Structure formats: structure tokens, C-alpha cells
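Q: Based on the sequences and whatever the hints tell you, model everything.
Chains as they are written, first to last, in this note's numbering: chain A, 1 to 254; chain B, 255 to 508; chain C, 509 to 762; chain D, 763 to 1016.
If you are wondering where the hints come from, they were derived from the structure by calculation, not from laboratory data. Hints are not guaranteed to be accurate.
For lysine-lysine, the following DSS-like pairs were computed, each having C-alpha atoms within a straight-line distance of at most 30 Å [to be verified]:
{"id": "1", "chain 1": "C", "residue 1": "K629", "chain 2": "D", "residue 2": "K966"}
{"id": "2", "chain 1": "D", "residue 1": "K966", "chain 2": "A", "residue 2": "K132"}
{"id": "3", "chain 1": "C", "residue 1": "K611", "chain 2": "D", "residue 2": "K883"}
{"id": "4", "chain 1": "B", "residue 1": "K380", "chain 2": "A", "residue 2": "K103"}
{"id": "5", "chain 1": "C", "residue 1": "K611", "chain 2": "D", "residue 2": "K888"}
{"id": "6", "chain 1": "A", "residue 1": "K121", "chain 2": "B", "residue 2": "K449"}
{"id": "7", "chain 1": "D", "residue 1": "K865", "chain 2": "C", "residue 2": "K634"}
Keep in mind that this is a model prediction, so the values were computed, not measured.
4 protein chains.
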Amino acid sequence: MKPVCLVIGAGAGIGGNVGKRFAAEGYHTVLCRRSDEQGLQQLVADIEATGGSASGYLLNAIEEGSIEDRVTAIEEEIGPIEVVVYNLGAQIGDRPLEETSYKAFEMGWQLATFGLFRTAKAVCPKMEERGKGVILVTSATSAMRGNAGQHSHAAAMGGRRMLCQSLNAQFASRGIHVAHILIDGAVDAPDTLGKMLGAEQFQKLRDQRGGEHDGLMLPQQMAETYFHVAHQHRSAWTHELDLRAFTDLAWWNH
Amino acid sequence: MKPVCLVIGAGAGIGGNVGKRFAAEGYHTVLCRRSDEQGLQQLVADIEATGGSASGYLLNAIEEGSIEDRVTAIEEEIGPIEVVVYNLGAQIGDRPLEETSYKAFEMGWQLATFGLFRTAKAVCPKMEERGKGVILVTSATSAMRGNAGQHSHAAAMGGRRMLCQSLNAQFASRGIHVAHILIDGAVDAPDTLGKMLGAEQFQKLRDQRGGEHDGLMLPQQMAETYFHVAHQHRSAWTHELDLRAFTDLAWWNH
Amino acid sequence: MKPVCLVIGAGAGIGGNVGKRFAAEGYHTVLCRRSDEQGLQQLVADIEATGGSASGYLLNAIEEGSIEDRVTAIEEEIGPIEVVVYNLGAQIGDRPLEETSYKAFEMGWQLATFGLFRTAKAVCPKMEERGKGVILVTSATSAMRGNAGQHSHAAAMGGRRMLCQSLNAQFASRGIHVAHILIDGAVDAPDTLGKMLGAEQFQKLRDQRGGEHDGLMLPQQMAETYFHVAHQHRSAWTHELDLRAFTDLAWWNH
Amino acid sequence: MKPVCLVIGAGAGIGGNVGKRFAAEGYHTVLCRRSDEQGLQQLVADIEATGGSASGYLLNAIEEGSIEDRVTAIEEEIGPIEVVVYNLGAQIGDRPLEETSYKAFEMGWQLATFGLFRTAKAVCPKMEERGKGVILVTSATSAMRGNAGQHSHAAAMGGRRMLCQSLNAQFASRGIHVAHILIDGAVDAPDTLGKMLGAEQFQKLRDQRGGEHDGLMLPQQMAETYFHVAHQHRSAWTHELDLRAFTDLAWWNH
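A: As C-alpha cells, then:
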């Protein structure tokens, strides 16, 4: 039976590419995303076409029980979850306080913070029982500092970072590796950045960053580091690391 | 008309003492707390007995509209709010993940993070219009790092810290001074630490820390710094500072 | 006998103004600076003209024994040093690596890091014996993050910040209050920023920031916070705080 | 011609193991250390025995020109340096201020901070010309916070961390990848921890941490992450990451 890698937030960017990377190494990848059944099935088909194994589910993380039920079903029907990639974002673009609604603020927390808490409540007892497990959490610059216009995002991601630290503090010694992966640059991801910018602006940005587009962060390259961290020996675990393109200034430099 | 200092979370510790300090300097202090009408009226009476001016209201911050309505009423009936002291804590003691309920996690966020967001939504437009205002936010070690057993508290306070930074980034140049005051030690506060420990343990701790109890953080002394920060000239504002007793090790040292 | 406040790095900006502030409250202020005997004596005269007490000495901090001998002489001839304001900067302007000489790099360390270490070696035993003392250290953005062109400055100030933390860790419980004061903006200081920019550029900057110049950080206002921190009750000490003008973005926002 | 990996500080712990890892992947590894010619030649022999390529040199980093001349010689005689592993430590054990001499403080800076600066001055122009290069810097908990007894070490490592950030800020966009690798736990390294503790204490610690010793950080496992970081695609570079054993608490948790 293949080990399972569960990706929560599996679009065509980081989530999908990390899922592919794990599938290529012998994991059964379970891809979950909120919408776009077609895009989801395409990801599954892509993995299967290269000899990998995957399943895909639409999952609305905000819905009561959605994550919890999926975890239970996977463990019963597919196999033990060895790796969780928590990749739900909560970026809603820059909005001043007066344009940030209560609803937007709460939704940011539900996706970025509470969703991870619920995921941890569901998987940690199982991982602890098995004495091993990995939780990779995609994070963002806003986890490190709040900018004007990032009221919802920064509060949500800042809470998420502290939650990762508390989970790590409780569970590392029991064999669960929690890693907080700080994405500190623009990702070449059509489903998130692409949608936020619009097709034309997105292509323009890609072109500006050079012919290989590697002035943007390439998700298939980022996936290498996700995979590496998940397979670090337990005598040398990373809890937090940053990732950015060589053309990006670090958040503390601008 | 006196300027108003609104204290949200006004027990016998930091909140009450900061309220007294501002009242002593000519502010009308509005004290809000969730329960204990008698304790609240005692604080008001104490202030009035020394020639100060104060009002007290029970306020359940989690209740819809509670903070917003109070802000509106104060501005209409008492006067412009110049200073807000956001002093609601969300410490529930050390609890491992398995004993931290969804409800506890959400309540932490509502008190520590969402409540501040709602407060800012209510007061910032008014302060911005007047070109000045101060928001002092009491914070805790858990805003800086997550410990085992602090899943709810750390996520809530970490989100709060990032929110303070984003509020500051948007509003400082418009005259609103947001300060994040990190309380990094045990406070000699009967309503919070006292209740958490129980009367006997609390007295024992006080005794251990020496005859003047100043190995614990004394809220009347802390209030001096709250007052100072609120009155810094706008050419020299502090956004973040820590406070601890001389006997406390800083959070990064233990 | 008046308590002594020793200012190392007493130009017309932060150092001089902090010295004046302490003198106005009854301290004998000892002002030390590397050069400009006339400017130094003017500061002393200014203090004396308003009824304060001060002395001034030229002091080349890099010279062997210079700080140590001055401390000894003050303790013997004037009185116990209660407060040290370590205000030596090491900013040499933006220089890429290829233009940063070994000598410049070493000088940065000698002024910003080693000089503080030597000062602490000289005063801490005396303060410890008396069970009290204050060391206020002026710091800069570069203590928090390294920028291109700040190789020397960032290394020097980053080391200084860690030194402040280790001094605090050893000496707080023995009554010595070490505070790291992060200056995160441009100071209206003719002797430092003024000289770096040149007279014309400096005046232009002052004018841009508004008629009261308070878009620049005003040293006489900053001095209020230095004085406040030095007089916090030992149950509520600040180890680190930032200062910037209301028009400045925090370092993490740009 | 093989690419060169230069390890400055190549004992039997991190340095030696990282050197071996790179040699195993086709690099010519140049190992430098201050003393123990025999141990050095053993490392070289070990690498050659498994088909790898290596050279070893005694190098006293504090000596004028030592690093600079070695870099020049390597580039002329062996080949272009693609990777530098700067692995010199400056830990001298816990010493209170009164037992930390000027000399010890300065030596800490020379090894940990100035040595890296000199190395960067020597290699960056060459790497910049070639449009690529990697500088991996081994760091320690003391780069993040100063503890009592760590006056020299914390100042030196804190300065080093800021230097890494300034180097990264200047050189990342020109193809040089600078990574700051925070070692936040005890390493199973006979040449450093072993010598500091003494043979008996060291063995006791190893035994306590379990039969596989993996409660200590195993340098051969850490080397995997060094190698991974050095080979990240330039669209997804890590500047800072931490490493600790699963049994270690993170520095912010204790």
C-alpha cells in the first residue's frame, strides 16, 4: 500500500506541483480543492499518465466537517496519511480597513488558521499513534509582517505561523514534523496569481521576468524543497524556511 | 469636554490601572468588562474618589455589535475617543491539542483578533477624521512564539500582532498611533492570574517574588508606560515594546 | 551628590538632547564625543545656562583604554554612573561590498559592538555592586535586517543587538536595566544625518517633511522616551522598543 | 574539470560531512581547518577511498591573508569555487561578562563575522563574474538571541546573520545564493561538542539520546539539507532555515 500525501488546496500552482512530485516518488496523492472539477481531474490524469497514483476531491474547507470527513475517508479507504500539504491561501488583494468586511476577515481566518487547526486535530492523533507524519504548511510574507491593506491576510497568516510553532512544540518529539514554508515572492501560478492579475497582466509579468520565467517562482521547482523537507531525517528537521526567486528581494529588504 | 480613554478589558489588573492613570491626568475613562458589575463600579468609584471622571459598562465583546454600539454611544454621549486600550486576553492555560476544542480556538480568535479588528473598524474612521488617536494593544509572549499547549492563544495573539502592524501601516501617517505592548511576564493581577492560579497559589507566588511583590509585574507601574506611549510626540512613536519584571527572563531566553 | 548620566556619542542630535533631558531632571550629565571641542562646550554651556550640571570630554572610543579610563575618572571624581547612554553610530552610508574595506568593516565593529562591550565591562561591576543602573543603547534599523550596501553597519549593529540581549540576560535580575532602542527613521540631527547629506540636501529634507519638521524624528522628543525608559519601575522594564516618526513606514513595511 | 566546494571549518562534524556529500556528487572538495593535519588527511583519504576528489589544507582563519590566499590558489590551481561552506564556529562555552576577555570577544568576531566578510570579499567578485555561486553559512541559536554567558558568541553570530542578509541583498540577483543555516541543537560532532564536553560526558549524552544517537543532530543527515539548498533552482532559493533534532525544542520554546 502506498503512503498517502494529502494536498489541501491543490490548484495548478504549488499544490498541484507538490502533489505531482510526491506521486512521482511513490505516494498516492489525494488532491483537494474548492472548485473546478475539470482542472482537478486533469491533475489526477496528469499524474496517472506518468505512472503515478492519485485521487481528486472537491472540498470546501469552510464547510463544517469537510476536512475531517475527508481525512477519515482517506484513512479508511486509501491508506495512512503520511504527509499533509496545507496549501490554502487567504490572499484577497490589498484592501484598506474600510473595505475589509467582517466576513472577509473571518473567512481569512477560517481558511488560513482554523482550517489548519481542524486538519491538525484530525491527523495528529493518527500520526502520533504511528509515530510519524509530516505537515507542510505553505505560508506567505504576511505571516511575518502586516502591511497596509493586508489586515485580513496578515492576521490570518500570522495566527497560522504561531499555530505551526505550537503544533511543532507539542508533536515534534512524537515524530510529527511540522514545517512552515514561507513563500516570499510571486509564484508562477495561473490559478491564484493569474486569476488575481487577469490573463493579460499575468502574461506581462511572466514576460518581464525573463524568457524562462524564473524570475517568478516556479512551482515545480518549489516542489523539490517541499519534498526534501518532508524527507529530512528526524535528527535534522527544518521547522521554518523561506523561498523566493533570485530576483526577489527578501521581505525585510523592501 | 474631557478627552475619552476607552478601556476594553478593564479588570483589577492592567486595564483598571491604565484607566486610573489616564483619569488622573484629565481623561474621562470608560471602563468595559464582561462581568462583575460590582468590581466595575468599584473601579469607577475609586477614580471618582480621587477627583477623576469615569463610566463603567458591562460588555461581552463576542456579542454582535457590542463593541461597535459602545463606541457609537460614547462618541455621541460622552465625547471623542482619543485613546483605546484594547486589553482583552485570550489565555486559557496550557492545553494540548486534543483538549483544545473548536469552540475554545474560535473564542480565542474572537476575543484577541476579531474584537480588535471590530474595534479598529469602529474607531479608526473617527480618529482619522480628527487626525489623531491612539490604540494601545496589550499583547502577550504568545504573540511572538507558539508553545505546546498554546494552540489557541498563540494563533489568536500572533494574528493580533500582525493586525496591529497592518493597522499601523495604514493609519500612522494619518495621525493614529497603534502600539503593541508585549507583556512578557506574570502580572500581579487578581482578576486574571489570580483566578487562573487560585487564591492560595497566587498568594504563594506573590510571596516568593519578594516583599514588595515587584518580582511580579505591578500593573500600576505598567500603566506609566502605557501613558507615556500614548503621549509620545508624533515624531517619535513606538509601535512595539516589551515589558517584564527585572526578575523575568525574556521569552527568548527560556 | 547628583547621579551621573554618561553619554557616549554626544552630538547635537540624540546624544546631546538626551543629555540635556537628564540634566534638566537633576542628573550631572557627562558628554563625550570624538571631536568638535567647541560644539561640545556649547552643549555643556547650554545645560548650565538652564541651571543644569554637565561636563564634556573629547573621547576617541576606538582608542585603547579611552572608555575605561573615562568611566574610572567619572566614578572617582564626579560620582556613581547611574545611566549610560551608548549612542555611538557606525553608519557609513550605502557601500557595496567591493567598496567596503576591511578597515571600514572593523571600525564599524569597534564603534558599535566592541565599544559597548568595553563599556559594559567597565560599568556593570559597579552597577551590580550598587544593585542598580541603566544602560540605554541607541540602535538602528540595520540591527534588524541587512540591506545591500550595509555590510559593515548591519554586521556591527546586529552584533550589538545580540550583545544587549546577553547583557540583559545576565544583569537584569541584579538590577541593571539594559534597553535596546531601535531608531527606525531619519533623525533631525545636523551632526550625523546633516553631515551625511550635506547642508543643502539636509535642509531640503527638513522642508519636505513639513513646517514643524516633525516628519523627521525630533531628538528632543525622542529624549522623552529615553528618560521614561530609564525610570521605569523595575517591575515593568522595557528591553526593546522602536521609535519612528508618524510619517515613517516601519522597517518591515518597505 | 570538477566544480569546487570549499569548506572552511572542516572537522569531523558538519564541515567534514558536508564536504563528503559534495564530493560524492562530483565536486572536488577543499577541506580547510586550523589544526590536526592527521584528521584532515583522514577526511581526504575517506573521500578518495569512495572514489571522490578532495584536498586538505591547514588554515588559520585569523591570520592575515590566510583565507584570501587560499581562495586565490584554489581558483588558479584547482578550479572555480562554486560552493563555499563557511563553517567556522565561535562558541567558547558559557562565560559571564567578567570572564569574557577583550581577546575572546575579538576572536569571536574575527572567526564568525570578519572571516565571513573576508571570504565574501574574495569569492563574490569571481562568482558574480561567472553569474553563479553558493555560500552556505552555518549559524547557531546565538544568532537569534543573546543568552547570559554568550556575550562573545551572540555578538559574533548576530553580526554574521545580518552580514548574510546584506550579502544576499546585494548578490542574489546576480546569481549568488547565500544561505544562513541555523543549527538549533546539539550536533553529534566529536571535534566540537565532543571536545567541549570531554569524551565521557559526550558519550553519556549520545547514549541518553537513544541508540541511534538521532536525538543528537547527525552531521551526515544535516549534510543532505546543505546539499539540497546549494542545488535549489534559482527561482526557489532559501535564504534562511533552521535545523534541529526531533527531540530538540526550538530556541523560542525554551
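Q: Hint by hint, note whether the structure agrees.
A: Structure-based check of all given hints:
| no. | hint | result |
| --- | --- | --- |
| 1 | K629(C) / K966(D) | violated, 36 Å |
| 2 | K966(D) / K132(A) | holds, 27 Å |
| 3 | K611(C) / K883(D) | holds, 13 Å |
| 4 | K380(B) / K103(A) | holds, 22 Å |
| 5 | K611(C) / K888(D) | holds, 22 Å |
| 6 | K121(A) / K449(B) | holds, 29 Å |
| 7 | K865(D) / K634(C) | holds, 22 Å |
In summary, the structure is inconsistent with hint 1 from the numbered list given earlier, while agreeing with all the others.
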